[in-house]
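Sequence order for the protein chains is A and B.
Note that this note's numbering gives residue 94 to position 80 of the first sequence, counting from 1, and the numbers run on in steps of one.
Note that this note's numbering gives residue 296 to position 105 of the second sequence, counting from 1, and the numbers run on in steps of one.
Derived by calculation from the structure, the hints in this document are not laboratory data.
Here the structure is a predicted model, which means the values were calculated and not measured.
Built from N, CA and C at the ideal position, the CB exists for glycine as well.
Be aware that one or more of the hints could be misleading.
Just the calculated beta-carbon pair ranges, DEER-fashion [to be verified]:
id : chain 1 : residue 1 : chain 2 : residue 2 : range
1  : B       : Arg525    : A       : Val17     : 55 to 65 angstroms
2  : A       : Gly99     : B       : Lys288    : 50 to 60 angstroms
3  : A       : Gly76     : B       : Lys459    : 43 to 53 angstroms
Some, not all, of what chain B presents toward chain A, calculated at C-beta under 7 angstroms [to be verified]:
id : residue
4  : Thr201
5  : Gln202
6  : Leu204
7  : Tyr358
8  : Val441
9  : Arg442
10 : Tyr492
11 : Ser494
12 : Gly500
13 : Pro535
14 : Thr587
15 : Arg592
Stretch-level coverage of chain A by chain B, calculated; a stretch enters the list once three of its residues show a Cβ under 8 angstroms from a Cβ in chain B [unchecked claim]:
id : segment
16 : 62–71
17 : 80–93
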Amino acid sequence: MLVIPCPHCGPRPENEFRYAGEAHIARPADPEALSDAAWADFLYMRGNPKGRHAERWRHVHGCGRFFNCIRDTVTDRIERTYPAGTAP
Amino acid sequence: MKFSLRTLLTQGLAGHSGWPEQWRSPEPKAAYDVIIVGGGGHGLATAYYLAAEHRVRNVAVLEKGWLGGGNTGRNTTIIRSNYLWDESAAIYEHALKLWEGLSRELNYNVMYSARGVMMLAHTVHDAQVFKRHVHANRLNGIDNEWLTPEEAKDFCPPLNIGTDVRYPIVGAALQRRGGTARHDAVAWGYARGASALGVDIIQNCEVIGIDRDAAGAVTGVETTRGRIGAGKVGVVAAGHTSVLMGMAGVRMPLESYPLQALVSEPVKPVFPCVVMSNTIHAYISQSDKGELVIGAGTDAYTSYSQAGGLHIAEHTLDAICEMFPMFRRMRMLRSWGGIVDVTPDRSPIIGLTPVPGLFVNCGWGTGGFKATPGSGHVFAATIAQGRPHPIAAPFTLERFRTGRLIDEAAAAAVAH
Ligand SMILES: Cc1cc2nc3c(=O)[nH]c(=O)nc-3n(C[C@H](O)[C@H](O)[C@H](O)COP(=O)(O)OP(=O)(O)OC[C@H]3O[C@@H](n4cnc5c(N)ncnc54)[C@H](O)[C@@H]3O)c2cc1C
Ligand SMILES: [Zn+2]
C-alpha cells in the first residue's frame, strides 16, 4: 500500500484515496470544432509511460480534494504531490 | 521428436536422458519477413499459425526475457467464452474451439481441462446481468446455464450457500466447456511447433527501437542484440505495448496495471471446477499439482512494478474464506503480479496501425489467456494478408475514433 502525501492533509495510506488517471489532460474548450481523431486522443489515448508519470488522485476519505502527483511507475516511488490547477 | 507412447517408452527405458531441446535457439538473422515482438502465448501462437497456415516461415519471435515470462506464465488460466457481445463471443468461442483440439494439433499436452467455469451472482443486479449473458450466449450457440444456489453447490460442494454471510450467493452462471490449461505448456507447445516449421525463437532479446523509412513504413527493429530487418512487425507485448508503440510514435488507448495471483500449499484434490466472483473479486481453481490457484484484483493505479499491493490480495482472501470456509486455515505459498494492458472498453485491439507494416495485438487486459489460440490464429491471418481477419475486424484501433466500442467493461466489470 502506498503512503501518499496529500498536499492538504499530509501523508496518508493509499486506501484513503481514489486514483483518477493521467493528469493535465484538459477538456477541449470547443469539442464541436475537434476532428474525430483529436477527440479520440482526448478521450482515450494515454501516455502510459514506464517511468515518471503525472497523475491525479482524490483524497476521498479525507479532505475530498483532487490533487496531482508525480510517481515513478517502475518503483512506485512518489516524487511529489501538488494542488490541482497548478503546473507540474 | 514426435511425442507418442513409443517415444515415451523408449525415453523412459533410457532414463529420460535422450529428450532433445524442444525448440531451436539460433542467432538472429540479419532480416526476416515478419518479426513478432513478445514471446508470450499470443506472440508464439501468431508465429505458429503464420508458419502452419500461411506458409510465412521466415519469421522471428523476439522475447526480452524468457518464453511465457510475462502474463502467460503469471495468469490463473481460466478459459471460457460466455461473453456478452457478438464480436467478443465470436473471438472467444473461436479460441475455445481451438483449445479443444490444441494438444493434438501441437502434439504437446497443454492440459486443457473442461472442468466447468461457474460465475457467482451475489445481488439482484448480478442475477439479471448473468441471465442476460445466458440468453445472449444461447443465441450465439455458446453453452451457458443459470443455476440456483443449490444447483451451484451440487456442482461445487465446498461452496458456502448460507445466507448468514456478507454477500450470500443468489445463483450462478455455468459454462461447462470452460476450464483451465497449463500456461507454460501453451507457450512451450506453440514455440516447439513454430520452431519445427522454421520460425526462429530468440530469447533475451529486447526490442529498443522500431526503424522506419522516409515514407514512415517499418523496416526493422533495434534490439539489445543488434538491428534486425523486417518488412512486417507485429507487437504482442501485453503490458509493455504502449512503450513499444511509442517507439513508432503511435499513442495507444491503454493503461498498464498490476494484477495479482497467489497459490496455496499443494493438497489432495478438493476443488472440482473453476469458481469466479466478479462482485467480491475472487477466482479459484485447483491445479493438477494440488495448489489452489487464486486470482485477485488489479491495483488502483497504473504501474509496471509486477508486484501489487498486499491489501488487494488480502481482500481476495477474505472473499475466498467466506465462500469456502474450509480453506480458512490453508497457507499461501507464493504470490506475484503481472502487468495487464487495459483498454477503455475492456476489449482487445487486433490489427493494423497508422504505421505501414506495423501490426498490434494487445489490450487483452485481465482476461486474454483464454483467447491465446484464437488471438494468434486471427492475428496471423491479419499479418499475412495485410487486412483484418473477419473475426478480428471489429477489434481495430480505429474503433476509438469511430466510436464503435465493444463495451465488455459495462457488460461484466471484470473481464477474466
Ligand atoms: C495475475 C493474472 C491473472 C490472470 N488470469 C487470467 C485468467 O484466469 N484467464 C485469462 O484468460 N487471462 C488471465 N490473465 C490475462 C492473461 O494472462 C493475458 O491476457 C495473456 O496471457 C496475455 O498474453 P500475451 O502473450 O499477450 O502477453 P505476455 O505473456 O505478457 O507476453 C508479452 C511478452 O512480451 C515481452 N516483451 C515486452 N516488452 C518487450 C520488448 N521491448 N522486447 C521484447 N519482448 C518484450 C514480455 O517479456 C512478455 O513475455 C491474467 C493475468 C494476470 C497477470
Ligand atoms: Zn487531503
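Could you work out which earlier hints the structure fails to respect and list their numbers in ascending sequence?
1, 4, 5, 6, 7, 8, 14
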